[in-house]
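Chemist: Read off the chains here:
2 protein chains.
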Amino acid sequence: MLDDYMNWERYILKTPADLPDRYNYGGRVYEISQAERLYVAGMGGSGVIGDLIRDLSMVRDWPFEVIVVKDYFFKGKSGLMIAVSYSGNTAETLTAARLALERGIPVIGITTGGKLAEMGVPIVKIPKASAPRAALPQMFTAALWILRRIYGVAFDLPEVLPYDQKLAERLERALSARPTVVAPSSMQGIAYRVKNEANENAKIDPSVEILPEAHHNWIEGARGPIVALTSPDIPPEHKLRVELTLQLIPGELFDVSMTVSGILTFLKHVGIATVRIAESRNVDPLKTPRIEELKRRLPQ
Amino acid sequence: MLDDYMNWERYILKTPADLPDRYNYGGRVYEISQAERLYVAGMGGSGVIGDLIRDLSMVRDWPFEVIVVKDYFFKGKSGLMIAVSYSGNTAETLTAARLALERGIPVIGITTGGKLAEMGVPIVKIPKASAPRAALPQMFTAALWILRRIYGVAFDLPEVLPYDQKLAERLERALSARPTVVAPSSMQGIAYRVKNEANENAKIDPSVEILPEAHHNWIEGARGPIVALTSPDIPPEHKLRVELTLQLIPGELFDVSMTVSGILTFLKHVGIATVRIAESRNVDPLKTPRIEELKRRLPQ
Chain A
1 MLDDYMNWER
11 YILKTPADLP
21 DRYNYGGRVY
31 EISQAERLYV
41 AGMGGSGVIG
51 DLIRDLSMVR
61 DWPFEVIVVK
71 DYFFKGKSGL
81 MIAVSYSGNT
91 AETLTAARLA
101 LERGIPVIGI
111 TTGGKLAEMG
121 VPIVKIPKAS
131 APRAALPQMF
141 TAALWILRRI
151 YGVAFDLPEV
161 LPYDQKLAER
171 LERALSARPT
181 VVAPSSMQGI
191 AYRVKNEANE
201 NAKIDPSVEI
211 LPEAHHNWIE
221 GARGPIVALT
231 SPDIPPEHKL
241 RVELTLQLIP
251 GELFDVSMTV
261 SGILTFLKHV
271 GIATVRIAES
281 RNVDPLKTPR
291 IEELKRRLPQ
Chain B
301 MLDDYMNWER
311 YILKTPADLP
321 DRYNYGGRVY
331 EISQAERLYV
341 AGMGGSGVIG
351 DLIRDLSMVR
361 DWPFEVIVVK
371 DYFFKGKSGL
381 MIAVSYSGNT
391 AETLTAARLA
401 LERGIPVIGI
411 TTGGKLAEMG
421 VPIVKIPKAS
431 APRAALPQMF
441 TAALWILRRI
451 YGVAFDLPEV
461 LPYDQKLAER
471 LERALSARPT
481 VVAPSSMQGI
491 AYRVKNEANE
501 NAKIDPSVEI
511 LPEAHHNWIE
521 GARGPIVALT
531 SPDIPPEHKL
541 RVELTLQLIP
551 GELFDVSMTV
561 SGILTFLKHV
571 GIATVRIAES
581 RNVDPLKTPR
591 IEELKRRLPQ
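As given, the protein sequences belong to chains A and B, one line each in that order. Count the first sequence with the numbering used here and you get residues 1 to 300, in order. Count the second sequence with the numbering used here and you get residues 301 to 600, in order.
It should be emphasised that the hints constitute simulated quantities derived from the structure, not laboratory data. Keep in mind that a hint or two might mislead.
Label pairs and their computed distance ranges (CB to CB) [to be verified]: (1) B:Arg-448 to A:Tyr-151: 34 to 42 angstroms; (2) B:Arg-448 to A:Arg-28: 46 to 54 angstroms; (3) A:Val-160 to B:Pro-320: 56 to 64 angstroms; (4) A:Leu-157 to B:Ile-591: 36 to 44 angstroms; (5) B:Phe-455 to A:Val-160: 53 to 61 angstroms; (6) B:Glu-592 to A:Tyr-163: 15 to 23 angstroms; (7) B:Phe-455 to A:Arg-10: 50 to 58 angstroms; (8) B:Arg-449 to A:Glu-169: 53 to 61 angstroms; (9) A:Pro-236 to B:Glu-592: 19 to 27 angstroms; (10) A:Pro-63 to B:Lys-428: 53 to 61 angstroms; (11) A:Ser-33 to B:Glu-331: 23 to 31 angstroms.
Some, not all, of what chain A presents toward chain B, calculated at C-beta under 10 angstroms [as the list claims (entries may be wrong)]: (12) Glu-36; (13) Arg-37; (14) Met-43; (15) Tyr-72; (16) Lys-128; (17) Ser-130; (18) Val-153; (19) Ala-154; (20) Thr-180; (21) Pro-184; (22) Pro-225; (23) His-238; (24) Gln-247; (25) Pro-250; (26) Arg-276; (27) Ser-280.
Beta carbons: idealized from backbone N, C-alpha and C, even for Gly.
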């Protein structure tokens, strides 16, 4: 798994997504067009793709509204859906994708296989990794290539994701203290990913608070320490909220460039740091026994 | 403040919202019609109204999609906006409301006064309480009356919110243990409100995890205890997720009827329990010194 993170650049997809302009499903025609609203469905390591695309859509002012669906259900009646499921068999994502198709919303899948690959909707197939969460580069860049194909959005594609030992060590120290991860809403995908990696790899439970909302409630009960996220690329209102938080609550600040390169480089280090915390806690970063136990207890 | 919670029913609005079919703002005509998408903007004690309306729209299958805006910014280009600001002077909400109007999205305000009341958009004026968070019944029912007026949705309007001392004591005990509040996405407004009341009244910091997403990451790091929320009114998939969580992580289950009456009755007890925790911790439940400090440090 550490090897996956250390060589994450090999998972970055280099070729544009090959998508039809329209497709047939159940006797109905679905047009893939520049919808104003983009649903991105997915859970866990696949679901964070929606959060990251939402962050970028805000920071880069992309011409669509991202609605992240981490559930069986959603309320929308029109738009476009990207359904991300590493295994292709995630119950929530498959249910949400079927619901979309019933409502006439075109679905495009990102998966390694499973039921999603056989559903009959256009698919971008991605290579496997040691675990779904280690496959972030291929799922993320698959989604970006889909967005370039449909909306013409521009993005950078890194050749290398340079390793910075000091950053990995700083993250390891800061996350070991079971902090609250505090980020502005334009970086909430980064914050959720940090929490999720700490949960799954290190088996610890830091929480997340999003600014400016956290300044209206959490701040009164906050004890610290915090891991605060900021970026040169976010609105000044968001930067100021992060600065003010660190004036009141002790913690460490991490600066992330909100580019594909910056996001993947930072999250590579988060992966490495949380694997190292697992090692120092004598837990296996790769195994997720409670998630497996839940799957056994859910109806198949 | 305890007196406010104990007599919360007196804040329930009994009369329909008086709204025009259209209005003029800055030389432009805004039509108030049954938009597919409803933005509900607001922060903190006012912002939770959007979460609760979103919960009800899922549980009651109301014919619109709620998008909660707890920020200065949002990406939508069409729809309808309800802007909730107890004071009428919340910077984020005013910025979001102006952004909506620039994009041709009609705004309806809910406030006690301030700049929002003088903006020139239709307003439902609500009476003051001891604190913004104590004014939940009037903000919530103001939003419901607006939705009845526009979409014709039905809701119950309680005469009394019966006090159950055992429930208040159970909540006080469970929240004192600084738990993780775990709820299905159809009850996320209830979960956020529990956390926010613990933050502002009791000055403690429980975190929130939403199902089914939390079964894909948090569960691996979860230590407990948890405060789990369920309801007879939510989808079976959500009920099962709550049950499975309690099989793996120790905690207390609270059952909430997802009606106006059920929500207000439960949240009244949450208010009382968090005031009592404040008293036992020797902190003032009414004062929010860090929030006041932040306001001083922000540009006016």
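Chemist: None of the hints should be skipped; say for each whether it holds.
Modeler: Evaluated hints:
no.: 1; hint: B:Arg-448 to A:Tyr-151: 34 to 42 angstroms; verdict: holds, 38 angstroms
no.: 2; hint: B:Arg-448 to A:Arg-28: 46 to 54 angstroms; verdict: violated, 35 angstroms
no.: 3; hint: A:Val-160 to B:Pro-320: 56 to 64 angstroms; verdict: holds, 59 angstroms
no.: 4; hint: A:Leu-157 to B:Ile-591: 36 to 44 angstroms; verdict: holds, 43 angstroms
no.: 5; hint: B:Phe-455 to A:Val-160: 53 to 61 angstroms; verdict: holds, 57 angstroms
no.: 6; hint: B:Glu-592 to A:Tyr-163: 15 to 23 angstroms; verdict: violated, 44 angstroms
no.: 7; hint: B:Phe-455 to A:Arg-10: 50 to 58 angstroms; verdict: holds, 55 angstroms
no.: 8; hint: B:Arg-449 to A:Glu-169: 53 to 61 angstroms; verdict: holds, 58 angstroms
no.: 9; hint: A:Pro-236 to B:Glu-592: 19 to 27 angstroms; verdict: holds, 23 angstroms
no.: 10; hint: A:Pro-63 to B:Lys-428: 53 to 61 angstroms; verdict: violated, 42 angstroms
no.: 11; hint: A:Ser-33 to B:Glu-331: 23 to 31 angstroms; verdict: holds, 26 angstroms
no.: 12; hint: Glu-36; verdict: holds, 6 angstroms
no.: 13; hint: Arg-37; verdict: holds, 8 angstroms
no.: 14; hint: Met-43; verdict: holds, 5 angstroms
no.: 15; hint: Tyr-72; verdict: holds, 5 angstroms
no.: 16; hint: Lys-128; verdict: violated, 18 angstroms
no.: 17; hint: Ser-130; verdict: violated, 16 angstroms
no.: 18; hint: Val-153; verdict: violated, 14 angstroms
no.: 19; hint: Ala-154; verdict: violated, 18 angstroms
no.: 20; hint: Thr-180; verdict: holds, 7 angstroms
no.: 21; hint: Pro-184; verdict: holds, 8 angstroms
no.: 22; hint: Pro-225; verdict: violated, 12 angstroms
no.: 23; hint: His-238; verdict: holds, 8 angstroms
no.: 24; hint: Gln-247; verdict: holds, 7 angstroms
no.: 25; hint: Pro-250; verdict: violated, 14 angstroms
no.: 26; hint: Arg-276; verdict: violated, 15 angstroms
no.: 27; hint: Ser-280; verdict: violated, 15 angstroms
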